[in-house]
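One line per chain: the protein sequences are A and B, in this order. For the first sequence, this note's numbering assigns the number 1 to the initial residue and increments by one for each residue that follows. For the second sequence, this note's numbering assigns the number 280 to the initial residue and increments by one for each residue that follows.
Please keep in mind that the hints were generated in silico from the structure rather than gathered at the bench. Small disclaimer: the values here were computed from a predicted structure and weren't measured. Certain hints may be false.
[Claimed, not checked] Under the rule of at most 30 Å between Cα atoms (straight-line distance), these lysine-lysine pairs were calculated in the BS3-like manner:
(1) B:K452 - A:K83
(2) B:K303 - A:K85
(3) A:K95 - B:K452
(4) B:K452 - A:K131
(5) B:K452 - A:K170
(6) B:K452 - B:K303
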Amino acid sequence: MSSTAKLEPQEPIGAYAAERPLIELRNVSKTFGSVKALSDLEVAIQPGELVTVVGPSGCGKSTLFNILAGLEEPDPGNILRLKGKSSSASDLLGKVSFMPQRDLLLPWRNVIDNAILALEVEGMSRTEARKQAREMLPEFGLAGFEAQYPNQLSGGMRQRVALMRTFLFKRDLMLLDEPFGALDALTRTMMQRWLLDVWQKHKRTVLFITHDVDEAIFLGDRVLVMTARPGKVKLEQVVDLPRPRKADIVTSSEFIALKKTLLEAIEEESMKSFQVSGH
Amino acid sequence: MSGIKASAASLPVFSTGRVYAAIKPILWLTLGLAVIEATVVLFEIRPYYLPRPSAIAANIVATPGAYISGLWRTVLETALGFVAGSVFGVAIAIVFHRWTLLRELFFPLFVVSQTIPVIAFGAVVVLWFGNTLFAKAVISFYISFLPVTVNTLLGFNSVDPRQVQLMRSFGAKDGQILRRIYLPAALPQLFVALKLASSLALVGAIVGEWFGDTTGLGVLLLQAMYNENVVGIWATIVVSACLGMGLYSLVALAERRIVFWGNEQ
Chain A
1 MSSTAKLEPQ EPIGAYAAER PLIELRNVSK TFGSVKALSD LEVAIQPGEL VTVVGPSGCG
61 KSTLFNILAG LEEPDPGNIL RLKGKSSSAS DLLGKVSFMP QRDLLLPWRN VIDNAILALE
121 VEGMSRTEAR KQAREMLPEF GLAGFEAQYP NQLSGGMRQR VALMRTFLFK RDLMLLDEPF
181 GALDALTRTM MQRWLLDVWQ KHKRTVLFIT HDVDEAIFLG DRVLVMTARP GKVKLEQVVD
241 LPRPRKADIV TSSEFIALKK TLLEAIEEES MKSFQVSGH
Chain B
280 MSGIKASAAS LPVFSTGRVY AAIKPILWLT LGLAVIEATV VLFEIRPYYL PRPSAIAANI
340 VATPGAYISG LWRTVLETAL GFVAGSVFGV AIAIVFHRWT LLRELFFPLF VVSQTIPVIA
400 FGAVVVLWFG NTLFAKAVIS FYISFLPVTV NTLLGFNSVD PRQVQLMRSF GAKDGQILRR
460 IYLPAALPQL FVALKLASSL ALVGAIVGEW FGDTTGLGVL LLQAMYNENV VGIWATIVVS
520 ACLGMGLYSL VALAERRIVF WGNEQ
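Just need the whole structure built from these sequences, with the hints factored in.
Have a look at this one:
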């Protein structure tokens with residue numbers, strides 16, 4: 001539905017090369033009143049990558065996500081390219097599958113009908129959408145639960161329903177905002193392993209926010225460490241651990257070395273943000 | 280053998296529980312009526328102040344036709360006013376929610392309109408719409424729509440803005456968000472108002488009939504009053520009470536069916 005009043009002409013199909021980033025942000029800043037949340041942020045994500053983002057709290061991670069989800073417009077003067085085509089944030093509405101921190105399941109819809117919410121919005125018939133969702137249930141560990149309502153589910157299950165809703169909304173880029181943040185440690189590691197399985201099978205591009213460094217390394221191809229406010233990318237760390245990753249990888253020396261580097265970077269920023277808020 | 284044994288063992292336990300739950304209200308009602316009956320007889324209360332419940336019941340049984348036709352008429356007026364009031368109330372809430380300017384302009388007017396006693400309007404409504412069923416429904420409508428509007432707006436405000444953002448990120452249009460998020464989210468609050476509106480609509484219909492009509496519970500009340508037919512007054516009160524409780528229970532039943540998730544958000 002986007003008008004073709006954009007400066008750049010539409011890319012011919014096929015010109016989109018694998019080396020070209022799926023999404024690219026340059027000089028992206030965002031100011032709320034007197035608070036500068038993001039400052040000259042630069043991020044590029046290749047197709048099929050799983051990029052994790054860590055940073056001290058209040059570093060503008062969520063603002064970055066809202067921009068990528070099309071919910072917030074960055075300050076003027078930014079460059080935002082989706083598949084090489086320059087866009088405004090609102091063009092991204094409906095182009096990115098976004099999963100917020102809370103599961104936000106609708107209490108009056110059962111598991112299946114919550115999962116197909118995005119498909120319904122797209123205009124798919126309920127029968128067809130339910131059929132697609134039903135096929136995905138076993139993979140999400142929800143077989144036999146399709147008729148349950150959210151208040152009958154555990155936290156981990158609710159999160160899986162929310163993830164299923166995100167996966168069913170088939171878009172090139174998936175944004176996951178601390179999806180496992182509210183889960184207990186054991187459930188969380190199970191969910192991480194499971195997410196990697198699903199991701200490898202579906203070949204999606206994922207941007208994953210977390211404040212858990214272990215999680216960031218375990219899942220990511222690359223880890224982006226953000227600075228304290230105003231947020232920008234402080235460190236871009238490639239995680240060259242082989243895939244598929246086993247649970248015991250977290251005790252390997254490579255993993256520990258990566259963790260050390262990342263923790264140092266985060267520590268430095270956390271100290272800064274404390275000093276800023278201290279005076 | 281074991282099947283018979285099990286059913287023999289469980290039958291009394293189950294059936295008393297179920298049956299008791301079903302007859303409990305009737306049991307208490309009968310008991311209450313018996314107490315009133317005994318009080319009236321015992322203290323020799325004159326029928327002018329309080330007739331015996333059995334006399335009231337006898338009156339209804341003796342002339343059921345008048346009560347049934349009156350009840351039917353009032354039910355129609357109430358139902359029409361209630362449904363119209365509810366639909367209008369929700370529609371206005373949607374308009375006020377989407378266009379805050381309209382809300383600021385007209386909401387105070389709506390509130391003021393409700394401070395004018397409906398009785399003051401009754402005569403005018405009958406002059407405008409004639410001595411018709413429709414005129415009574417208009418009065419019912421008039422006093423039942425505002426609680427619906429107010430509570431629907433309250434329900435809309437309870438929607439989590441992140442929920443709306445999520446829908447927007449799916450590319451949802453306003454209408455889709457309204458139908459899939461706002462309206463269902465407002466249902467628990469809406470039903471609180473509907474229960475209230477069902478009682479108000481009945482009051483509207485009965486009061487409306489006082490401005491001139493030939494059938495209806497309100498008419499029966501007036502006639503009984505003019506004839507000093509105390510038993511008739513009480514009989515009409517009983518029929519009206521049954522109607523009020525019936526309407527309320529219907530709405531409450533619908534609520535239990537539709538808003539099964541309660542207030543969990």
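Checked hints:
1. B:K452 - A:K83: Answer holds: K452 (chain B) to K83 (chain A) is near 25 Å, not above 30 Å.
2. B:K303 - A:K85: 72 Å, violated
3. A:K95 - B:K452: 14 Å, holds
4. B:K452 - A:K131: 24 Å, holds
5. B:K452 - A:K170: Between K452 (chain B) and K170 (chain A) the Cα gap is close to 19 Å, so the pair holds against 30 Å.
6. B:K452 - B:K303: Measuring from Cα to Cα gives roughly 51 Å; hence the hint is violated.
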